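In the order they appear, the protein sequences are chains A and B.
Letter 310 of the first sequence, counting from 1, is numbered 722 in this note's numbering, and no numbers are missing.
Letter 86 of the second sequence, counting from 1, is numbered 190 in this note's numbering, and no numbers are missing.
If you are wondering where the hints come from, they were derived from the structure by calculation, not from laboratory data.
Check before you lean on any hint, since a few could be wrong.
[To be verified] A short, non-exhaustive set of chain A residues, derived as facing chain B with CB atoms under 10 angstroms:
| # | residue |
| --- | --- |
| 1 | Leu523 |
| 2 | Gly718 |
| 3 | Leu728 |
| 4 | Val746 |
| 5 | Ser747 |
For clarity, every value in this text was computed on a predicted model and none was experimentally measured.
C-beta: ideal position from N, C-alpha, C; glycine also.
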Amino acid sequence: MVFNTDHKVIGVQYLVTTFIFYMIGGILAMIVRAELAQPGMQYLTRAAYNQAFTMHATLMIFLWVIPVFAGFANFIVPLQIGAEDMAFPRLNAFSYWLLLFGGLLMMSSFLVSAPGTGWTAYPPLSLLDSPGETVWAMSLFVIGFSSIFSAINFLVTIAQMRAPGMTWFRIPLFSWAIVATAIIQVLATPVIAAAMILLIFSRVTGAQYFVAIAGGNPLMWQHLFWFYSHPAVYVMVLPAMGIVSDVLPVFSRKPIFGYKAIAFSSLAICFLGFTVWAHHMFASGMNPTLTIPYMITSMIIAVPTGIKVFSWLATLWRGKLRFTTSMLFATGFVSLFVIGGLSGIFLASVPVDLHVTDTYFVVAHLHYVLFGGSVTAVYAGLYYWFPKITGRMLDERMGKVHFLLHFVGFNLAFLPMHQIGLEGMPRRVADYDPQFGALNLVVTVGAYLLAVSTLPLIVHALVSMKRGVLAGDNPWRAKTLEWKTSSPPSLFNWDEAHHPLVTEGPYDYGHKPAAKPVAAETEVARV
Amino acid sequence: MSESHPSPVQQSTAGTSRRRALGNFLDRIDAWGREPLISPRPVRQAAPPPQGSRPNVFRWAVFAVVVFGLLIGIGALFTLINPLMPLAAAREATAIDTLFNFMLGIAAAIFLLVQITLLYLAIRYRRRSGDNEDGDPIEGNNALEIVWTVIPAAIVLTLAILSYRTFVNVRTAGREALVIEVTGRQFQWQFYYPEEDVRTVDVLRVPANRPINFRLTSQDMVHSFWVPNFRLKRDAMPGMITDMWVTATAVGKYPIVCAELCGAGHDTMRGSIEVVSRTDFSAWVEAEKTKAVDTSDPIAYGRSLFVKHGCSGCHTLTDAKAVGQIGPNLDGIGSRADRDFIHHSIVNPNAVITEKCPTGPCQANLMPQNFGQILTEAELNALVTYLYSQK
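Start from the sequences and build out the full structure, keeping to the hints where you can.
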């Protein structure tokens, strides 16, 4: 059972593992916010504070948001395209075990004093930091390979393993998003792996790649790092957009508005994402004139993003919206992500960025994108696919409590950060000017509310797994293929009664009168 | 929903009357948008047009323009009432604020447009209980999709052009600029005015209305020189020289902040910049140049050297008001070490690495190794005497 190659088991392994890392990262965030609740140093030394936020960011990015989508994709993508498993089941299992090993390696850096250089690990600081920095770099190298292997697996699976009739334009948008995501992972992750090797060599053997007086260049690290880490933002956001594009039509009882536009905008973001990395470096040592092309490409990314947002809104228009918890989180995603997108335009503008970069404005922006965006979509996906994964429904009332706490806590925690940053508080500081005290207290209260919001989820997910209402094959009356098999699906997904043969698009709602109760069996019989 | 698959979600029937009232209100707005622009009949008698009639595009366009304009107005008003930025104290700051406020107006309008639309759609098209029908099979609309591709593209293109113009404006070299060399080092800013031959630490004094050319570098980590009231920052990189141009306009004292994580004491790396009139600046420079250093009292002289040469950036020494967290704590150093050891540790800091530093074990190569060259013999003696006096 443990060393399993079934994509569904591996998917669940990913989801559970990453959720545990999410909790650890969350506890670190609570520690950071406790220290920042009021001016002055209360609980931590400055060095420990730096370690706390560095590990918070690293765990949340590399061991939660990126791999949690790999978890969903593992479970859902083969089902959505009508495959029996992933193309390379053993490689798939290997990816998971690499991730777990890398994660444990990452945690072991606490044993030798965790890194305190921020997740960006700019040299020379990262060359002189505690021994945990080397462990940190090695574990990211391992996790990177997990990411590359699973991306190759998804690309081959989606290209080669589709069921009869599953043409490219009948692929559900979540799987489309995984295609775009996997392309980014395959092309960008080797670059961060190379950067980590250079960092490890510099630390262990005293190599001078990043030391200016020895002929190296500290800017080279920044370029290598961001060449991966900006596209990585899209690795974290594209699958979230895919989940929302799958959830909205089901609960609107309408086709997705502009299917091809959404699919192609994912590819456009995937391509453009490789051309914008230096917008993290507008105030750095790079030639200021070179910032202009990066500003233009960064702003252009707003266009495909806008296409998606407007298409989602148009999907709701004249629908029959059913506000299940999943739908609440999906619409919540649209609401919060737009804020992160808009603040991103400010950061893309070079002159404005010179003021706001490296401040709490950036902290607010990235949390609106990665928490308000990605994590909110993770919740939407969890409430949506939990019945398929476990065969039982999550409790809707508890889910709504969860949504309310999440939405209120999130905005309380991150909205004031915009103003804190504009007024002059830099990021990554253990202490700050007393003038920022009031707003920081509000932020801390919101952050703790956000932590509390996960409790109803954990409790009712555990209870529902055992005692939830039986879901049946297709509790949401959805049209995508994963709902046309049993819940949970059998070992090779499709038994005699559920044979995947695709004759229509993934979101063909409303074409025929659907007033009569439709059970999953009759649905399949019609197919 | 079949009996065997009970719906997990049943809409509550309680409190429907309020929802119905809201729904009716929204239905009336919807009906208003479908009426012809000039009603042939008195409005009072006009029955709501049947569902599915074509929307009056012109009427909706007028409506959209009015709402969008209103939203931009609200955004602008908000900025005026609640300034999000600290006082603008430089020509560049005013230019960047103008750009920022313009972007904020547009962003606020888009924000409100999306959120209000989302809320409207969520209420207007919510499923009524008992309705298990699907919505209309609308797959897309080419005209609409072109509109929401072209308009955002036009907006970001405009913003890019405006940003470029502001960028050129804030990067333009001024004439007769005052050059200031800025050196960041762990947890301290050092300033040198090469033409005036004046040095200061953490406290910067500049004349108003004269272009200033900052030349930035770092002795150790990457630092970032940020004056929030100027809206400008630039990284100070080891082994490189970067530059920044600014013309201060408002007399006053403003913070200097390090904005790039540079180690355990990153948040303590703060200074201040005082903008004064040109005459005050000249007077200050003269005073600095002619200020004789009082070397008669070796303790006071040593203390001033301790501060001037940046020891306080890394070491804690209560007598000199130093709170550095990087190197060994020097309180009471005179009772632990003799004069030779102190002298040796300043000139050749790697010879003995103390075990315990405030944030962990001490590390070699952190302390600059050139104090033997920088300090004169007399200065070195005064510094050693001062430190040895700390019992």
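Hint check results:
With a least beta-carbon distance of about 14 angstroms to chain B, the hint placing Leu523/A at the interface is violated under the 10 angstroms criterion. About 4 angstroms separates the beta-carbon of Gly718/A from the nearest beta-carbon of chain B, less than 10 angstroms, and the hint is met. For Leu728/A, the shortest C-beta to C-beta distance to chain B is roughly 4 angstroms, which falls under 10 angstroms, so the interface hint holds. The interface hint given for Val746/A is met, as the beta carbon of that residue sits about 6 angstroms from the closest beta carbon of chain B, less than 10 angstroms.
Interface hint status for Ser747/A: upheld, as the beta-carbon distance to the closest one in chain B is roughly 6 angstroms, under 10 angstroms.
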